[in-house]
Each structure stands twice: as C-alpha cells, then as structure tokens.
Amino acid sequence: MKFLLLCLLSQILGRFNRARAAQLTLPHFVCQTPLFMPVGTQGTIKGLTNNELERIGCQIILGNTYHLALRPTFELLEEAGGLHNFMNWPRAMLTDSGGFQMVSLLHLADITEEGVTFQSPVDGKLMLLTPEESIHIHNRIRADIIMALDDVVKTTITGPRIKEAMYRTLRWIHRCIAAHRRPHDQNLFGIVQGGLDPVLKDICVKSLVDCNLPGYAIGGLAGGEDKDSFWRVVAQCTAALPEDKPRYVMGVGYPLDIVVCSALGADMYDCVYPTRTTCFGTALIPERVLKLKHRAMADDTQPIDPTCPCMVCKNYIRTYIHCLVTKDAMGSQLLSSHNLYYMMRLSRNLHTSIVEGRFPKFVCDFLQTMFPKGDVLEWVCNAMEVAGIDISSCCAPFPSCQENYSSDEIGTNRFDKVNAYFGSSMYTRESFYSTR
Amino acid sequence: MKFAVKKALSSSGARVGVLEVGSCPAPIETPALLLATRKGLPHFISPELLPSLPSPDSNLLQVSPLHFLEGLSTTTISKIGGLHQMLGLKQHGIAAVPRDSIQCLPESKAATRLGASFETPCGRLLIKPKDYIEMISCMKPNIWASLADEVPAWVSEKRNKTSVDRTLRWLDDCISLYPAAGSIFGAIVGGTSLEERKRCAEEVAKRNVSGYWIGGFGLGEGIDERPALLREVMDILPDEKPRLTCGLGLPEEILQGIAAGIDLFDSTYIYSLTLGGFALTFSLDKSGEQHNLQSDQIGSDSTKINLRATAYRKDMSPILENCTCYTCQNHTKAYINHLLNVHEMLAQTLLEIHNTHHYLRFFHVIRAAIQDGSFEEFRQAFLESRREHFKGEAIST
Chain A
1 MKFLLLCLLS
11 QILGRFNRAR
21 AAQLTLPHFV
31 CQTPLFMPVG
41 TQGTIKGLTN
51 NELERIGCQI
61 ILGNTYHLAL
71 RPTFELLEEA
81 GGLHNFMNWP
91 RAMLTDSGGF
101 QMVSLLHLAD
111 ITEEGVTFQS
121 PVDGKLMLLT
131 PEESIHIHNR
141 IRADIIMALD
151 DVVKTTITGP
161 RIKEAMYRTL
171 RWIHRCIAAH
181 RRPHDQNLFG
191 IVQGGLDPVL
201 KDICVKSLVD
211 CNLPGYAIGG
221 LAGGEDKDSF
231 WRVVAQCTAA
241 LPEDKPRYVM
251 GVGYPLDIVV
261 CSALGADMYD
271 CVYPTRTTCF
281 GTALIPERVL
291 KLKHRAMADD
301 TQPIDPTCPC
311 MVCKNYIRTY
321 IHCLVTKDAM
331 GSQLLSSHNL
341 YYMMRLSRNL
351 HTSIVEGRFP
361 KFVCDFLQTM
371 FPKGDVLEWV
381 CNAMEVAGID
391 ISSCCAPFPS
401 CQENYSSDEI
411 GTNRFDKVNA
421 YFGSSMYTRE
431 SFYSTR
Chain B
1 MKFAVKKALS
11 SSGARVGVLE
21 VGSCPAPIET
31 PALLLATRKG
41 LPHFISPELL
51 PSLPSPDSNL
61 LQVSPLHFLE
71 GLSTTTISKI
81 GGLHQMLGLK
91 QHGIAAVPRD
101 SIQCLPESKA
111 ATRLGASFET
121 PCGRLLIKPK
131 DYIEMISCMK
141 PNIWASLADE
151 VPAWVSEKRN
161 KTSVDRTLRW
171 LDDCISLYPA
181 AGSIFGAIVG
191 GTSLEERKRC
201 AEEVAKRNVS
211 GYWIGGFGLG
221 EGIDERPALL
231 REVMDILPDE
241 KPRLTCGLGL
251 PEEILQGIAA
261 GIDLFDSTYI
271 YSLTLGGFAL
281 TFSLDKSGEQ
291 HNLQSDQIGS
301 DSTKINLRAT
311 AYRKDMSPIL
321 ENCTCYTCQN
331 HTKAYINHLL
341 NVHEMLAQTL
351 LEIHNTHHYL
361 RFFHVIRAAI
371 QDGSFEEFRQ
381 AFLESRREHF
391 KGEAIST
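Chains A and B are the protein sequences, given in the same order.
The opening position of the first sequence corresponds to residue 1 in the UniProt record's numbering, with each subsequent residue numbered one higher.
The opening position of the second sequence corresponds to residue 1 in the UniProt record's numbering, with each subsequent residue numbered one higher.
Check the hints yourself; a few may be wrong.
Said to hold, decoys possible - With a Cα cut of at most 27 Å, we get these calculated DSSO-like pairs of lysine-lysine: (1) LYS7(B) to LYS314(B); (2) LYS314(B) to LYS286(B); (3) LYS206(A) to LYS293(A); (4) LYS7(B) to LYS130(B); (5) LYS161(B) to LYS327(A); (6) LYS327(A) to LYS140(B); (7) LYS198(B) to LYS161(B); (8) LYS161(B) to LYS140(B); (9) LYS314(A) to LYS90(B); (10) LYS291(A) to LYS79(B); (11) LYS125(A) to LYS163(A); (12) LYS79(B) to LYS314(A); (13) LYS206(B) to LYS158(B); (14) LYS79(B) to LYS6(B); (15) LYS206(B) to LYS293(A); (16) LYS128(B) to LYS79(B); (17) LYS293(A) to LYS245(A); (18) LYS158(B) to LYS327(A); (19) LYS140(B) to LYS130(B); (20) LYS314(A) to LYS140(B); (21) LYS125(A) to LYS314(B); (22) LYS109(B) to LYS79(B); (23) LYS6(B) to LYS314(B).
Please keep in mind that the hints were generated in silico from the structure rather than gathered at the bench.
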C-alpha cells in the first residue's frame, strides 16, 4: 500500500463525549472545526467578494470539479496555477468529485466499473469520468482537500444496487489513491457509502479506515431520507471512524442538523441551503427561519436577527430587506452575507463552546430558542441521548419528546415534514440537494 | 448644504467648485458624479465595498424616491429617521431625483396638470406635488429636485410650453409645502426650444432655491442641439448656485455639460456598461489624449472592453494595469470572463466597482484640467483622439 504523506494536521482542542473541537491545519489555512463550508460551485459564492467572505469568517470553500471542468475547464485552471490563484482565494478549498452532480442532475448517466459515462450539458458530447480522471482533475485544480470519486446512489433506492455501489466505491478508492499525484499538498478524503444499511456502512467504514486516508466523509445522506435514519447513520459512522481524522458529513445542512451531527462527533459540513434559500427571501435566524418576502415584514423595523453582529443586521432592518428580496440583486447579496455569517457564527460557537467546556449548555440554549414551546423533534431527542447530552431542560414535560404537529401538517411525503418544519411549501428534494 | 465656486474659466462655462453636504466626511469637489442607485444602494456594489472607492468623490448618491413605492411605506422610512438611517449610509450625501433613467422614466403622455407621470416597476404612477413632498419629508435627503414635467424632444410646441408652466407651478407648490428637509433644486425644463428653456430658467432663478436641476435631457435631443440649450439656461442662472443634471452619461456628454457649467451629474452609463459586460479602459492621461497602449485589444474600441469576448478567456492580467480599484487589485480578466459565462452575480459587482472607480478618476482628471486652465485643450484632445480612433476602427473593419 502506498505510504500517504499527510498535509493535514488535526489537533483536538476539546471534547464533550462524542463531540470534538479541533484545529485543522491545511496547506492554505488553519481551520477550526466544527466547520461549515460554503459552496462556491463555479468558483464564486453568490455575489460575495473574497474579502467579504473572509470577513464573514469562511475558512474552506467548496468548488465542484464537474462544473469547473465544463467552465472554465481544468486546463485553464491548471494554466492559472490552480483554483486558488484563479479566484484569488487565500484560504482553504475543497473540491468535490462531481459524482453526485452527474447522477442527480443528468438523466443520461451510465455507471460501470470503469467510471461514469455522462452527456456533457455544454456540448452534448459523451464523456467518461473514471476515478483516475477525476483525481487528475482535482490535481490540476489544486484544492487542499479532494473527494474521491464514489458510486453515488439516491438514498431512496433499495435493493442490491446499494451493495453494488458500496463495493464499487471501495474498489474506486484504491484507484483514486493510486492515481493521486499530489499527496504532499492535497488531502484525499474517502467517502463512506452504503445507503442507510448499517451492515454495508460498517463494511465500508472499516475498509476505508484501512486505507489510512487523511480524512473521511459520510456520503449518501442529504437525499431526503427520514431524519431518524439520518442521525443513526451519522452516529454509526462517527463511532467507527478514527478519532484523529476529520469527519465530513456531505450535503448537511440545516443548522439543527449541524448541531446534532456535531454532538455525534462530526466535524465538517457543506450545503447550498444558506445561499440558495436567499432566492426565496429566507433568512436564517436562531428561531429557525425568517421569510422576508412575507407581507408582515413590510413594517418590521427590527434587524433580521437582533442578536447577530453581521454587517447586514447592524445596518439594515427587515422592512428594507423585504423590499429588496426576490426583486433586486442587492437583496440576494445582503441576505447571502447574513446567512453565511449565521452559519460561520454557528460553527464558531460550536467550536468555542466545546473548547470552553460548555457544549451541553450551548445545545440546550440553541434548542430552546428554536423550540420555545419545548416541542423538540423526536429524532433530535433520540440523537442527543446517544450523544450523551441532557436536553431535558428544553423539552416540554411530556412522557417522551413528541413531534408536536397537527394532523394537517404531517404529510405523507417525507418532504412535507421538512416543509412544515421550515414553514415553507417550496422545497422539494431536487431543489434542495441537487447541486453541491 | 453649502456650495462655492473655486475657479471659473473665462473661455468656457467650466468651473471647479466645492460642495459641503451635511453627512459627508469631507467637502466634495465639483464637477462630480453621483452614483446611481436602486432603492438607495448601488445595483451591485455591496455597502462593505463602497469605502474602497475614492472618497469623498464616491460619497454622493442619486436616489429615486419612486423606488420605495414598491413595498416600503413612507411612514416606515419616517419612523426610522430617513434614508440615511435606513440605508446605513450616514456618511453619504443623498440627492433625491424622481427620474432614474433606468426604471423610473417620465411618461409625458400620461402627465396631467395635477402631477407628473412615471413608468415604474409598479406600473404607471401619477405623482402629485403633495405626494412627492410627503416622500421627501420622510426620506430626508440632503438635496432634492422639485417635481418636473419632462417631455421628449419630439413633442409639439404647445405641449412643451405646458410642461414649463406645470413645472413652474409644481416648483411653487413644493416650495410652499416646505418639507423642512434638505435643499431644494429648482427643476428647469423646456425641451429643445431655446425660448422655453430661457423662460423656465428666468422664472426658476427668481425663486428661492439652493440650486438647479436641469431636466429634459437624454430624452431624444441630439447631442449637437444640447450646447445651445445649455448655454441659454446657464447664461441666466446665477453662478454661485450648483447645477445638477441627469440624462448625460457618455464621456463626451459629460465634457459637454461641464463646458456649459454643470457641476453635478447623475448618470446611468456605468450601469449600462456593467450589464453589458463592459469595463472602461479609456486613458486618464492629463492631456486628454486617447491613443492609449491598449488599442490592440480585440473586441474593444480602446475606450472599453467587453469581458464576454473569448479573447479574455485566458487573460490573467487585470482590466487595467495601474488601476487601484478592488477589482483590478484582486482579479483578472479571465476570472471575470468565467463569471460572465456562468452567469454569476459577482461579475456585475466587480465590473461596477471598476467602472465607477474609473469614471470617478475621469472626473478627477477633468477637475485638475480646469484648475490649471487647460480644460478646453483637454476636451478637444479627448474628443478628437477618440473620434480618430473610432474612424480608424471603422475603416479597418
């Protein structure tokens, strides 16, 4: 087996049961985990300049090799000296393989042992992406962390396809490792597949751990599966993954999910939600979300979040943002700025509260603000029990924590529950999770 | 608001002045450019990046009160204390002018004796002086133009005359309704009629206003018709009060306006350039000469480049080598080209920053030329070398 040089140093600075706060030293930047990573799919994040992103506290941003390979192409990025140089982003970068995009965005994708054959959306040509190709693209883009090409299946699929995908992912990781030309300055993370099946997940984790990779991601979630299965998979994986390596839950997500996963021992997260939801005028606040398009916002003279020290909350009020959102570019910009600040503030709070030994209190305060009636969702209660965090002070005095929805709100579609939870009817699985 | 002329040229109407506006950190030299805004903020430049533009040059904004009719009531603005508070722009000077030349356009056919009509994103609106004054008193801008009935160049003499009558009447209404907020600039219209322009200017000059807003330009008159019309108006207006105009955007038009004696310009030129993917590259040489080094650029006319052009795909240099704007200090033409291709908003943000910065520097160079008496030579050199270049391009293509 190839000896892997590590250009990633993970130092754990604090713990509470399974939760950890760490310092992650990467080639371009030293990061603090738990950490949310904004998604800059095509080499930019929704109208925000680099210096605004730095001021907000972003440490790692994501690029996507699938999109970047199409435009501006990895040859150009290589000529520019890598994506960092091209974008002039001085901090850390992570590039995803594009497997998820190919499978979720394209109707014509064929997965074989060789790789993924898909039709380029730019010129319609048939292209084959092999694990080797994918790693070579990563190598030209030069991000600090690169994701192995995995055989992604939607979590709603059942049957032998999941097993096939898991074993293929394992075979592919060896090909990725062999093809990796820059282990000295790019960290290859393996992705745990296996759907929601604990047995398959276990086999996958063990085999990946044997490869002694710099870090591990938990994949195959963020696809609309029920929350109960979601947290159990995260718990199972974090229990089995090595302590001294970072754990990245891909496609997560909502602030609540991040708090739960951090309690269970995960470190890194990415999601398009904070920036994408600005299209709908949705702002992230401790109480959950604020729908700025709503007519009630037209006279509201409070800032979006009175507790938030970001530039937007310090200078603007809800009624002004209300008149901008969905109509003017500046509305999206200001809202993206606030939403990302919210996510980075959450990350910082998670990190510091663990380091300073007050993580359980942070979790309780967080849940209390989000569920003032004490109706903490059942899956959260269950997850916190496994995480060893006592949240009884935030739960209403029922025999067990109940999902407190009226029968009108519970829909047959799992996503109806998510919609009810977030007070929206606009989200579908595809619209939320499709592009990383 | 205080204004004083520092230097006036005898050879032309051009003058350098100093404008002190309550909220600005330092006095602003004129001729000056007002930044175009949408609902009070630049279209794309985030408030965090505004300070990176030259200051105090970039501290004057033009705001159209009509933008706020879409979802923001005047009572709410009043509750907060006015536009400066609401926009978080406590160090900026705000000039309120109803017409923004992009989305709030005067609709002369629908105007009545009761009010001016505008096409806006909320539909066609009739704005009466009383409503307008209410907006002004809630918004509390530093400067505001009185309500005008602007008409395009092709209307009948009768309609033109009516527009002057209405504009004068509305000016009197505005003055008597007295919003106790900001300095009023009397609106002067008159279309392309020298007589009507003269009449309007004479009447407005009799009123007690702090400055003048010269309207009715950029509505179909020829660029060659304008100097005479401007001269007719300027000859009558007292020298010591500032003159603001809108509808003049191109460098040639700015120079024309300055030569006539205009001090403040609000222009949508930068917005149009930005939307089109253009970046300004014309020379800021003191002499006005436009034979700059970048004349070999493809897809350009040496005054601006179109960053959508495939020629810039691999160009790892900034838009302009010695430009000190945020965009040129941090990003390359290749990156902006990529952003335009993938339809990312950051492209417009970066272009608006550069274009605004460049145009503000243009005004700076013009002021320096007026100060050392070389404005006319500067203007001639600028216009001729630009014309030469366009001619040369036309022959070669």
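Now the hints, each set against the structure:
1. LYS7(B) to LYS314(B): Outside the cut-off at roughly 47 Å; violated.
2. LYS314(B) to LYS286(B): Roughly 32 Å between the alpha carbons, so the hint for LYS314(B) and LYS286(B) is violated.
3. LYS206(A) to LYS293(A): 48 Å, violated
4. LYS7(B) to LYS130(B): 39 Å, violated
5. LYS161(B) to LYS327(A): Cα-Cα ~38 Å, so violated.
6. LYS327(A) to LYS140(B): Given that 27 Å is the threshold and the Cα spacing comes to 25 Å, the pair holds.
7. LYS198(B) to LYS161(B): Roughly 12 Å separates the two Cα atoms, so the pair holds.
8. LYS161(B) to LYS140(B): Distance ~32 Å between LYS161(B) and LYS140(B) Cα, so the pair is violated.
9. LYS314(A) to LYS90(B): Holds - the C-alpha atoms of LYS90(B) and LYS314(A) are around 13 Å apart, at most 27 Å.
10. LYS291(A) to LYS79(B): 22 Å, holds
11. LYS125(A) to LYS163(A): 30 Å, violated
12. LYS79(B) to LYS314(A): 17 Å, holds
13. LYS206(B) to LYS158(B): Given that 27 Å is the threshold and the Cα spacing comes to 24 Å, the pair holds.
14. LYS79(B) to LYS6(B): Given pair LYS79(B), LYS6(B) is violated - Cα atoms ~39 Å apart, limit 27 Å.
15. LYS206(B) to LYS293(A): 48 Å, violated
16. LYS128(B) to LYS79(B): 23 Å, holds
17. LYS293(A) to LYS245(A): 42 Å, violated
18. LYS158(B) to LYS327(A): Violated. LYS158(B) to LYS327(A) sits at ~39 Å, over the 27 Å cutoff.
19. LYS140(B) to LYS130(B): It holds: about 15 Å lies between the C-alpha atoms, which stays within 27 Å.
20. LYS314(A) to LYS140(B): This hinted pair holds, its Cα atoms lying about 21 Å apart.
21. LYS125(A) to LYS314(B): Roughly 23 Å separates the two Cα atoms, so the pair holds.
22. LYS109(B) to LYS79(B): 35 Å, violated
23. LYS6(B) to LYS314(B): Roughly 47 Å separates the two Cα atoms, so the pair is violated.
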